[in-house]
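Asks: Sequence:
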Amino acid sequence: MATGEITEGSSSSPELPKIFSFQSLEGITNNFSRIFCKDPFGPVYKGTLPDTDKEIAVKKLEQSAEIPPEDFENKVQSVYEIKHENIVELIGFCNQTLQITTERLLCYDFDPNESLQQHLFGPKATDGSNSADPSTNWDTCFKIVKGVCQGLLYLHKLEDPITHMDLNLNNIWLDRAMVPKIANLGLSRIFSEDRIKYYKEESPRYMAPEYLNSTGMSVSIDIYSLGVMMIQITTREENNDNLDKASRIYIKDIRKRWTAEHIASVYSSLDSECLHQVHTCIKTGLECMQIDQKNRPSIDVIVDRLNTI
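The opening position of the sequence shown corresponds to residue 1 in UniProt numbering, with each subsequent residue numbered one higher.
For the record, the hints were derived by calculation from the structure and aren't laboratory data. Hints are not guaranteed to be accurate.
[Stated by the list, open to error] Calculated pairs, SDA-like style, for lysine to any residue (alpha carbon to alpha carbon, straight line, at most 20 angstroms): (1) 256 x 266; (2) 283 x 253; (3) 83 x 73; (4) 38 x 238; (5) 256 x 287; (6) 283 x 303; (7) 146 x 283; (8) 46 x 178; (9) 146 x 306; (10) 83 x 205; (11) 146 x 99; (12) 283 x 262; (13) 283 x 147; (14) 146 x 286; (15) 18 x 114; (16) 83 x 23; (17) 54 x 30; (18) 294 x 178; (19) 252 x 176; (20) 143 x 50; (21) 46 x 75; (22) 18 x 75.
[What the hints assert, rightly or not] Okay, the calculated beta carbon distance ranges per label pair: (23) 261 x 52: 34 to 42 angstroms; (24) 52 x 74: 40 to 48 angstroms; (25) 73 x 100: 18 to 26 angstroms; (26) 295 x 52: 44 to 52 angstroms; (27) 40 x 265: 49 to 57 angstroms; (28) 238 x 83: 31 to 39 angstroms; (29) 111 x 256: 37 to 45 angstroms; (30) 81 x 51: 21 to 29 angstroms; (31) 264 x 54: 17 to 25 angstroms; (32) 31 x 264: 47 to 55 angstroms; (33) 98 x 257: 49 to 57 angstroms.
All figures in this text were calculated on a predicted structure; none of them were measured in a lab. Even glycine gets a Cβ: it sits at the ideal position worked out from N, Cα and C.
Construct all of the structure, not just a fragment, from the sequences and the given hints.
Replies: Here it is as structure tokens:
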């Protein structure tokens, strides 16, 4: 089996991402058998660096053959420069041609625990999530909401703002301390907007109406997706229908049912301060999901609101 060392000529400079050989990544992921999660862009595997026993996440990109090698590496470099506590950090990549195929993988400095989707709704849900009494896990969930918002604030306030374009529960990874990290950030730089939109149309419940209808793109797309996540985190109710009309019905139902009385009933063990947090998250989530993007709050307004309750 191949070793886990990086290829000759790869950089250990803090300014450049490491270049891994395909064989080394094959080795540290046990022949790509230690899967963490999967999405339309490709699976993510757990890997262990041989010299340090450090755990990393390795994403094996699919449908990337149309990207020129130099363009791919330049885009990876731009993602590598993004550093924030609530964003999964890119540490290296593989861009290697093997016979007739080119293998492209992204390596992240992250010890995979679970995705937010798994934590809330999956078979691995723990720490009281998805339980009859969500109050037992509210403090953790509220910290997750705030952490995701902090990461998005960083992206949207860069000199050259970044729109993630694919925010959803599967793209929020949780480390072992339950700190949320926005994942797959690089896909918005590496893949074209049309390619990302094509994949998102397979499951549009996180997609803003204007993006779904190809009428424009801005950071407000992420705000809409953030709103969907805030509602799901707070209510523990998923919108699993892939029709925009059904999403409208879902929002109307949330607005109608999740009154102050219903929140107090569902979160029966929370004090008044925490109940106010729940109510604010639902109210803010619904504001984020407004059809007219001009009426959605900006991420700095959302962060300020959450930090003052």
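Asks: Mind checking the alpha carbons of residue 18 and residue 114 for me, to see if they're no more than 20 angstroms apart?
Replies: violated, 25 angstroms
Asks: With respect to the beta-carbon atoms only, verify the hint that residue 73 and residue 100 lie 18 to 26 angstroms apart.
Replies: holds, 20 angstroms
Asks: For the pair supplied as a hint, residue 18 and residue 75, is the alpha-carbon distance within the 20 angstroms limit?
Replies: holds, 14 angstroms
Asks: For the pair supplied as a hint, residue 146 and residue 286, is the alpha-carbon distance within the 20 angstroms limit?
Replies: Satisfied, since the Cα-Cα distance of roughly 16 angstroms is no more than 20 angstroms.
Asks: Just tell me: holds or violated, for the beta carbon distance of residue 238 and residue 83 against 31 to 39 angstroms?
Replies: Cβ of residue 238 to Cβ of residue 83: about 32 angstroms, so the range 31 to 39 angstroms holds.
Asks: Falls inside 40 to 48 angstroms, the C-beta gap from residue 52 to residue 74?
Replies: Cβ of residue 52 to Cβ of residue 74: about 28 angstroms, so the range 40 to 48 angstroms is violated.
Asks: For a C-alpha distance cap of 20 angstroms, please report whether residue 83 and residue 73 respect it.
Replies: holds, 18 angstroms
Asks: What's the verdict on residue 283 and residue 147, does the C-alpha distance respect the 20 angstroms limit or exceed it?
Replies: Holds, at about 18 angstroms.
Asks: Is residue 146 close enough to residue 306, meaning Cα to Cα at most 20 angstroms?
Replies: holds, 7 angstroms
Asks: Take the C-alpha atoms of residue 54 and residue 30, compute the straight-line distance between them, and say whether it is at most 20 angstroms.
Replies: holds, 15 angstroms
Asks: Just to be careful, I want the Cα atoms of residue 143 and residue 50 compared with a cutoff of 20 angstroms; is the pair within it?
Replies: violated, 33 angstroms
Asks: If you draw a straight line from the CA of residue 83 to the CA of residue 23, is it 20 angstroms or shorter?
Replies: Cα-Cα ~28 angstroms, so violated.
Going through the hint list in order, the structure does not satisfy hints 10, 11, 15, 16, 18, 19, 20, 21, 23, 24, 27, 31.
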